[in-house]
Every structure is written in C-alpha cells, then in structure tokens.
Amino acid sequence: MTIPRTLIDKIWESRLIDSKPEGDLIYIDLHLFNEVTSPQAFEGLKLKDRKVRRPDLCMATADHDVPTGKHGLQVIDEIADKQLRFQQMYCKEFGIEHYPMSSSGNGIIHVLGPEKGLTQPGMTIVCGDSHTATHGAFGAIAFGIGTSQVEHVLATQTLRLSRPKTMSVTLVGTPHPDATAKDLALAVIRTLGTDGGTGHLIEFRGDAVRNLSMEGRMTLCNMAIEAGARSGLVAPDETTFAYLKGKERAPKGPLWDLAVDYWHSLATDPGAQFDKEIEIDITEVGPMVTWGVNPAQSVPVGSKIPALESFATKSEREAAVAALSYMGLEPGVSVSDIPIHTVFIGSCTNGRLEDLQAAAKVLEGRKISSSVRSLVVPGSASIKREAERLGIDKVFSEAGFEWRSPGCSMCVGMNGDIVPPGKHSTSTSNRNFEGRQGAGARTHLVSPETAAATAILGRIASPSDLPPINKKEGK
Amino acid sequence: MMEPVSIIKGSAYPLPRSNIDTDQILPAKWMKRVERTGYENGLFEIWRQDPSFITNDPERSQASIIVAGENFGCGSSRQHAVWALRDFGIRAIISSSIADIHRGNLPQEGIVPIELAQDVVELLLAATGVNPRVEIEINVTDRTVTCAEAGVFAMPFRIDNVSHFNLIHGYDPIDVTLTFEKSIETHESSRDPWLPQCSPEFV
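Here the protein sequences come in this chain order: Z and S.
Numbering-wise, this note's numbering puts 447 at position 447 of the first sequence, and it's gapless, one number per residue.
Here this note's numbering runs 475 ahead of the position in the second sequence, where the first position is 1.
Worth flagging that the hints you see were computed from the coordinates, not collected in a lab.
Careful: at least some of the hints might be erroneous.
Listed next, the in silico DSS-like pairs over lysine-lysine satisfying Cα-Cα at most 30 Å (straight line) [what the hints assert, rightly or not]:
1. 394(Z) <-> 247(Z)
2. 657(S) <-> 48(Z)
3. 657(S) <-> 367(Z)
4. 10(Z) <-> 657(S)
5. 657(S) <-> 82(Z)
6. 20(Z) <-> 657(S)
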C-alpha cells in the first residue's frame with residue numbers, strides 16, 4: 001500500500017530533479033514575467049553569456065507600469081518607458097511570447113495565465129511577483145520569486161529550494177449569503193495572521209472553498225501570500241475542468257482526457273498528513289473591510305475598530321497603535337463613519353469579469369456619491385472587451401465610474417494612478433500597506449460589491465446598506 | 476561567484492516594529508529602475524524623513540545589522556528591497572520570522588537572514604537600543620549569534636539549508652545548477668504531453 005500523499009506532495013515530487021541536504025531542485029513548468037522585476041535578470045543572463053533555456057515555457061506582459069487612462073495612453077515617466085522597452089527588447093531577442101502595453105492580449109500577468117489556459121493543475125509556476133499565488137486556484141504550485149531566482153529559472157528552468165511545509169486550511173460552516181471570496185480571504189488572513197502561513201504552502205479545503213467559482217478561488221489563493229504563505233492551492237475538480245475546457249492553451253482532443261484523468265489523481269489522498277492542519281469557522285462571515293495597514297487588520301463592514309485591549313499580544317497591540325496613527329483613526333470608530341475619497345475596482349485579486357459583473361449588479365440604476373472618485377480597471381484587454389460586449393462598461397460609466405484600460409493601476413500605484421495623501425480609499429486590491437496606493441494614502445481592502453456600495457454612499461458600506469432604487473429617479 | 480560569508484560583526488539598527496513590508500523597505504517608485512545598484516537612498520525612504528528614525532542616528536552610521544520585529548520583509552517579492560539593504564551597508568537581518576520570498580532573496584546579495592526566538596530578538600533589541608555601540612557577532616558557518624551585552628552567547632539561529640550553503644561557499648547558484656544538466660534533460664524528456672507551451676506566434 002502506498003503512503004497517502006497531499007496535493008502539494010504529489011506536485012512537488014513529480015517535479016523533483018535532485019534532492020540534497022541543501023535543498024530540492026525542482027522543474028518549473030511555466031515562467032511568467034512583468035516589466036518591473038525582470039530587466040535586471042535578463043541583463044544578468046546576458047552579462048554571463050547565458051541563454052534562456054526554455055523560451056517556450058515563458059510568457060511576458062506589461063502590467064505594473066502601464067497607464068490605464070483613456071486612449072493615447074501616455075507612460076508617466078521615462079523610466080517606466082525604459083522598462084517597457086527593455087522588456088520588449090529582451091522578449092524579442094530571446095523569442096518569448098510577450099503582450100506589450102495596449103496590445104489586444106495585454107493584461108495583468110496573473111489574469112492572463114488562467115485566461116489563456118496556460119495555468120493548469122499539477123504545474124509548477126513562478127513569476128517575479130508575490131501574487132503568483134493566484135494560479136494555485138487550479139491546483140498548481142505557483143509562487144513569487146526575486147530577480148536572482150528569475151535569472152536562475154531563465155538559465156536552468158529550475159529552482160533549488162528547501163521543501164515547503166504543507167498546511168491544510170479547512171473552512172467549516174456556511175458563510176453569510178452576502179460573503180464573497182474576498183471576504184473569506186480577509187477572514188482567513190485575520191485568523192491566521194500575517195505570518196501564520198510562513199514557510200508553508202496552504203491547501204484550502206472545505207465546502208465553502210469547493211462552492212467557489214474559479215474566479216473566487218483565484219481571489220482566495222491570491223491572498224494566501226498576505227497570510228505569509230508562499231502560496232495557496234485548491235485541488236482541481238469539475239469546476240476547474242469546466243473552466244479550462246476550450247481555453248486557448250488547454251489540452252485538446254485525446255490529450256484533454258489524458259490530462260483530466262491525471263488531474264483527478266492529484267487530490268489529497270484520504271489520511272494524508274499535513275505539517276499543520278487548521279480549521280477556520282466561517283459561519284456567518286459577511287462583508288469584511290480592513291481598518292489598518294496589513295490585511296489581517298479587518299472587521300465586518302458596519303462594525304467598529306477594535307479596542308486596543310482586545311488584541312491578544314503586545315506585538316499586535318503595538319501594530320494596531322502604529323496602524324491607527326497612520327490611518328488617522330481610533331479604536332471604537334465605526335468603519336461606516338470613515339469618509340471615502342477614492343474607490344478602486346480591479347487588480348489580480350478582483351479584476352476578473354465575474355468581479356466586474358458583481359460590482360455592476362450593485363451599481364445598476366444608481367449613481368455614485370459626488371464626493372467620491374471611482375475607477376474600474378479590468379484585469380485584461382480581453383475582459384475589457386467582453387465587459388463592453390455585455391454592456392457592463394455602460395453601467396459603470398452611467399453610475400459615475402471611470403472605465404479604464406487594463407493594468408495593475410492603483411493596486412501598486414506605479415503608473416500614476418494613486419490616492420492623494422491622507423485620503424481614504426476602498427480598494428479591491430490585496431495590500432493596505434502604508435503608502436501602497438501613493439504616499440500617505442489610507443487603504444481599506446474590500447470586495448467588489450462592497451467597493452460599489454461604498455462608492456454610492458461615500459462611506460464604507462455593503463450592498464445591503466443601500467436604499468432600494470427609486471425607479472423614477474433611476475436611469 | 477560571490478564572496479563567501481563566514482563571520483559578520485557589527486553594530487545594529489533596532490527596528491522593533493512587526494510586519495515591516497517590502498513597500499516600507501523600498502517604496503514601489505524605486506522599482507522604476509533597470510539597474511541593480513544605487514538603491515541606498517530608497518531604503519526606508521518614508522520613515523527616514525523623520526529625523527529621529529533609527530537609521531538617522533549618527534552614532535550608528537557604521538551599523539551593518541538590522542534587528543527587527545516579526546514577519547520582516549512581508550509583501551511584494553521585489554528583490555530591489557534587498558539591493559537597497561545591501562547598498563545601505565546591511566549584511567544581516569535578525570528577526571523571529573522573515574517572510575518567505577524576502578528570506579530567499581536576501582542571501583542572493585550576500586545578506587544573512589537570521590531567525591531567532593522572539594525572546595532572544597527582544598534581548599538584542601533592548602541591548603542595541605540602549606547603546607548604539609553594542610556589537611553583534613554572527614558566525615554564519617556555525618549558525619550562531621553572540622552579543623555579550625544582551626546576554627546572548629553562541630545562540631543557534633535558523634537559516635534554510637539552501638541559503639546557508641550558498642552563503643558560506645559564495646557559489647553562484649546558477650553555476651551549481653548547471654552541473655545538473657543531465658538530470659534536467661532527463662526530466663524534460665518525460666514531461667506530460669499536454670503541458671502548455673508558449674510562443675511569440677500566439678501574440
């Protein structure tokens with residue numbers, strides 16, 4: 001009888017080339033690039049006269065620097081322009097599939113992989129970006145790496161790594177009907193803490209995870225990094241296969257059947273041991289919002305910022321004091337009373353079509369508050385086209401949102417899309433770090449639905465807080 | 476090839492905050508560069524505007540070690556943060572936990588990621604906080620930390636084996652991996668036939 005293994009063990013062992021006390025050498029099936037973290041890696045490669053070993057396993061896009069405003073897109077500065085040009089030059093030189101700014105295939109790298117069917121179960125996927133975890137939703141080991149490791153993968157298509165520990169996070173109970181994948185992610189991070197997953201790969205399990213769409217699973221896995229984990233995974237199932245079937249780069253014909261058979265075998269075996277197993281009760285979890293400067297500092301929408309005495313450790317208390325000082329907030333303040341200046345819907349966390357549809361459903365027939373600047377940035381050019389075909393762009397525009405072109409935009413604030421100093425934003429992105437959305441910006445992470453409701457009321461609110469639409473005034 | 480790292484001895488910057496993310500270590504605007512050097516002025520750029528911030532202490536101008544609260548280096552994978560630490564003269568980070576990606580990036584530039592129990596980190600924070608001249612000695616080869624003023628003597632620290640191996644030998648990891656060419660080829664010859672491929676022709 002074979003020893004029961006976890007999903008993570010199965011993938012790791014299938015890609016293992018060499019095992020030594022100083023680490024495992026594993027093969028990388030797909031290497032993704034953005035324009036910001038790869039130029040120095042290509043340069044390093046050239047300096048040593050090395051080649052890209054497998055350009056056929058590499059795909060690149062421009063996302064961090066690209067402007068998202070109206071047509072005639074202007075890159076905000078010379079250096080962004082230089083990064084974009086360097087990427088184009090290196091991709092051409094080494095024969096790498098590349099989707100430059102404004103091209104019809106462009107988008108956020110973690111949106112493109114799944115969209116093109118490049119992200120498949122059982123694969124190992126890396127990118128010089130921490131939110132590579134997103135691809136784990138397909139039952140792949142996908143994680144962010146630094147520039148030296150990017151160079152290493154370019155040269156060898158492998159990485160030497162200490163084997164990560166395995167962690168099972170099982171969501172038990174039934175969330176509130178208004179809960180989205182983003183709310184579950186924030187609730188999970190609140191429970192695990194910002195470093196609860198450090199050194200681990202997490203497999204998310206339980207009915208609440210199974211019931212999520214692929215888009216929802218991507219949102220959850222995307223934020224595993226915010227709990228310190230290298231990545232999060234969900235075992236592939238019928239939902240995964242239905243999503244992949246027919247995608248451009250998904251297996252076709254007899255290969256599809258072979259692949260599905262194999263993908264079925266990846267699920268964690270009954271009785272398999274994880275290094276750590278955690279159950280999180282998500283009963284009645286509903287819309288969530290962060291109040292501090294890390295994604296674990298969150299509360300339900302409509303509640304109050306916690307009292308300092310409620311924090312279990314000195315370190316958490318000190319972190320809360322520092323966070324509230326930056327945010328200009330105090331314990332006991334109701335999050336509904338925080339005036340919101342900017343609303344951002346987009347990013348690799350919540351910039352997919354399903355996210356835009358969910359927000360549009362809230363906005364339909366309503367107008368956003370005159371005090372709020374709101375922008376929606378589709379995750380890819382293809383999502384933008386599809387949304388426009390469905391008329392979703394009109395719902396956003398008529399409500400008062402700026403309908404933008406794809407990119408990372410206000411999630412990382414490198415392209416000129418920023419929140420003014422001292423102003424509060426609600427954002428569907430993944431990090432509320434100090435200065436993340438611009439120097440002095442005060443970020444509150446939320447779901448697309450909560451972002452939409454907040455834009456309408458000008459204060460942090462969930463869709464259930466909205467008054468019914470007055471048909472005479474609407475439209 | 477990098478210089479092998481065996482012993483690091485120096486004074487420290489105590490940074491008792493937890494969750495110091497890579498956006499604080501180096502704000503994103505500094506990622507708009509295509510060079511690998513010249514990042515020293517970006518290190519803690521926002522916090523350094525405060526004259527009382529620890530790196531502005533003239534008595535610590537020679538410090539080479541950061542002692543930080545838990546979960547140092549969380550967030551973005553940017554290795555630019557490591558370039559900033561290196562260019563500023565930092566040679567080791569001590570914390571009770573260093574975030575995974577950052578912990579892997581640090582040794583790529585010869586900086587030693589050192590994880591110790593929180594109570595030991597507190598002792599080091601206290602001793603180096605009181606006296607800017609207090610020195611910490613790190614024996615990388617033996618994986619121990621000593622700081623007499625903190626009452627810490629040859630305390631074993633945690634470091635993953637890949638990082639330790641590369642640091643003490645000063646190897647270029649790519650050179651090491653390239654010696655496994657045969658094994659890589661063997662793996663490549665048996666990859667599943669349905670695995671996706673990329674090509675500029677798809678664009």
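So, going through the hints one by one against the coordinates:
no.	hint	verdict
1	394(Z) <-> 247(Z)	27 Å, holds
2	657(S) <-> 48(Z)	21 Å, holds
3	657(S) <-> 367(Z)	63 Å, violated
4	10(Z) <-> 657(S)	23 Å, holds
5	657(S) <-> 82(Z)	38 Å, violated
6	20(Z) <-> 657(S)	16 Å, holds
Checked against the numbered hints given earlier, the structure breaks hints 3 and 5 and satisfies all the rest.
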